[in-house]
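Enquirer: Chain by chain, the residues:
Number of protein chains: 2
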Amino acid sequence: MILHGYWRSSAAWRVRLALALKGVAVEQRPVNLVAGAQRSADHLARNPQGLVPVLEVDGAAISQSLAIIAYLDERFPMPPLLPADALGRALVRSAALIIAADVHPLGNLRVQRWLRDDLGADDAGVTRWLHQWMGDGLASLEQFARQHGGNCLYGDQPGLADICLLPQLYNARRFALPLEGFPRLLGIESQLAATDWARSSHPDNQPDSP
Amino acid sequence: MILHGYWRSSAAWRVRLALALKGVAVEQRPVNLVAGAQRSADHLARNPQGLVPVLEVDGAAISQSLAIIAYLDERFPMPPLLPADALGRALVRSAALIIAADVHPLGNLRVQRWLRDDLGADDAGVTRWLHQWMGDGLASLEQFARQHGGNCLYGDQPGLADICLLPQLYNARRFALPLEGFPRLLGIESQLAATDWARSSHPDNQPDSP
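First to last, the sequence lines map onto chains B and V. Note that my numbering has the first sequence beginning at 14, numbered continuously upward. Note that my numbering has the second sequence beginning at 14, numbered continuously upward.
Derived by calculation from the structure, the hints in this document are not laboratory data. Among the hints, a few may not be true.
Identical chains blur together in the list; that is why a pair holds if it fits in one copy or across any two.
[What the hints assert, rightly or not] Think about it this way: if two alpha-carbon atoms lie no more than 25 angstroms apart in a straight line, the pair counts; the simulated DMTMM-like pairs of lysine to aspartate or glutamate are:
#1 35 x 87
#2 35 x 69
#3 35 x 130
#4 35 x 98
#5 35 x 169
#6 35 x 55
#7 35 x 149
#8 35 x 221
If we strip away everything but chain B, and leave its shape as in the complex, we get:
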C-alpha cells in the first residue's frame, strides 16, 4: 500500500492516525500541495479531484480520507475504529462527519484561495470565515463529548471521531481560533497527543515536513 499525502493536510493526517493506531505500515509518498503537485498529471490520474490523501492498493486508488479509513478498518479490524453496537457506530460516524463534511472542506486551501481571488476577501475576512465554521463544528463536538465522551470523544477507546478531532484542533490553532470554550475536546486531545500512534502521525514528524 502506498499513501499519497502531505505533512500538513488534515485529511492525510487522519489516514496516518488510523494506520498508526492499527500498527499498519505503508509507503508514504508526499504530494507538495503548496507547489501544486496535486494538479500534476500523475496525481490527477490517481485522483481526478486533485486532492490528498490517496491510498494505492491492489492496483486501485482510493480517495477521500473517510473512505480510506473505512477500508483500513475492514481490512485491519483490530483495534476497531467504531463501537461494537450499531447506534454507537452511528454516533461516532456523525461526530466524524461534523468535521469531515461540515468543517474541513470549508477551510481547504483551494476554498481559501477562492475567497480571496474571486470574492476579494482580505485576511480578516478569511479568518472570520474559518473561525465561523471551525467554531460551529467544535461547539457541536464539545456537546457531543459532554453527552457521549470519556477519555475519548465516544467513551474511552480512540476511534474515527478522535482521528478527525486531532487535525482539526491543530488547524484551529494554526488560524488562531480561541479554544477555551472547548475544555472537553482539549482534555481528549491532551490524552491522545501523548500516545505513540498520535505522535508518529503528527505533521511535524513526517518525511516532507520542513
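Keeping the supplied structure of chain B fixed, place chain V upon it in accordance with the hints.
Expert: The following block gives chain V in isolation, referenced to the frame of chain B:
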C-alpha cells in the same frame, strides 16, 4: 423511527432515498429551514448543529446523513447500499463523499448567507461559487462513472453514491449549472429517476413541499 427533514434539503433527501430503496417506513416531521425552525430549542436539543436530517431511534438522535444511512444499511441490510467487496465499498464511499463532503457543505444555505452577509458577495458571486464546487465535484464523478459505472455510478445496482448524486443534480439545476459535460451522470439519473423509490423520495412529493 422519526425522520426530521425538509423537503428540499439534499441531505434529508439522501436519507429518504435510502429508506425508500429499502422499503422502510418512518414518520416524517418537517423542519422549516427557511423559517428558521432548525434553530428552535426543540431541534437544537436533537442536533446541536441545527441541521437536518436527524433520525430519532431508540431514544437517540442521529445526525449527519451519511451516518444515518450507514445505520439504516446495518439495520435493514437488503438491498445493500454498498458492494460486497471491500475495494468496491471503498470506491462507492469515496464517490459519495465527493458530494457529501466536498460539494454539498459548500453550497449550504448558511454558507450562502455568510458569503452575502459577511463577504458582500452579490448574486453573481454566489453563483460562481456554487458552480465552481458543484462543477468540480460532478466532473470528478463523471470520471468515476466512466471508470466504474454502468446503469448506476458503480456497476448496475443503485447504492450510496447514487443516493448522493440525485439531490446534487437537482441542486445543480436549481442554480443553473450547465450539465452537458456530464452525460454519464445524466444517463444514470434518468434511469433512476423513473423508479418508484426515487419518485416517492423527490422533494416535490413530500408532506411539506409547497
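Enquirer: First find the shortest C-alpha distance between residue 35 and residue 130 inside one copy, then the shortest across copies, and answer within, between, both or neither for a cut-off of 25 angstroms.
Expert: Neither. Shortest intra-copy (41 angstroms) and inter-copy (45 angstroms) distances fail the 25 angstroms Cα cut-off.
Enquirer: Classify it for me, residue 35 with residue 98: is the Cα-Cα distance of at most 25 angstroms met within a copy, between copies, both or neither?
Expert: both (20 angstroms within a copy, 21 angstroms between copies)
Enquirer: Is it within, between, both, or neither for residue 35 and residue 55, if the alpha carbons may be no more than 25 angstroms apart?
Expert: neither (29 angstroms within a copy, 40 angstroms between copies)
Enquirer: Check residue 35 against residue 169 for me: Cα-Cα at most 25 angstroms, and say if that holds within a copy, between copies, both or neither.
Expert: Within one copy only: 16 angstroms inside, 34 angstroms across.
Enquirer: Measure nothing new, just compare the shortest in-copy and cross-copy C-alpha distances for residue 35 and residue 87 to 25 angstroms and report within, between, both or neither.
Expert: So residue 35 and residue 87 pass the 25 angstroms test inside a copy (11 angstroms) and across (24 angstroms) alike.
Enquirer: How do residue 35 and residue 149 come out at 25 angstroms by Cα distance, when the copy is not named: within, between, both, or neither?
Expert: Close neither inside one copy (31 angstroms) nor across copies (34 angstroms); limit 25 angstroms.
Enquirer: As a check of your reading, is residue 35 near residue 221 (CA-CA no more than 25 angstroms) within one copy, between copies, both or neither?
Expert: within (22 angstroms within a copy, 46 angstroms between copies)
Enquirer: At most 25 angstroms between C-alpha atoms: does residue 35 with residue 69 qualify within a copy, between copies, both, or neither?
Expert: Close inside one copy (18 angstroms), not across copies (33 angstroms); limit 25 angstroms.
Of the hints listed earlier, those the structure fails to meet are numbers 3, 6 and 7, in rising order.
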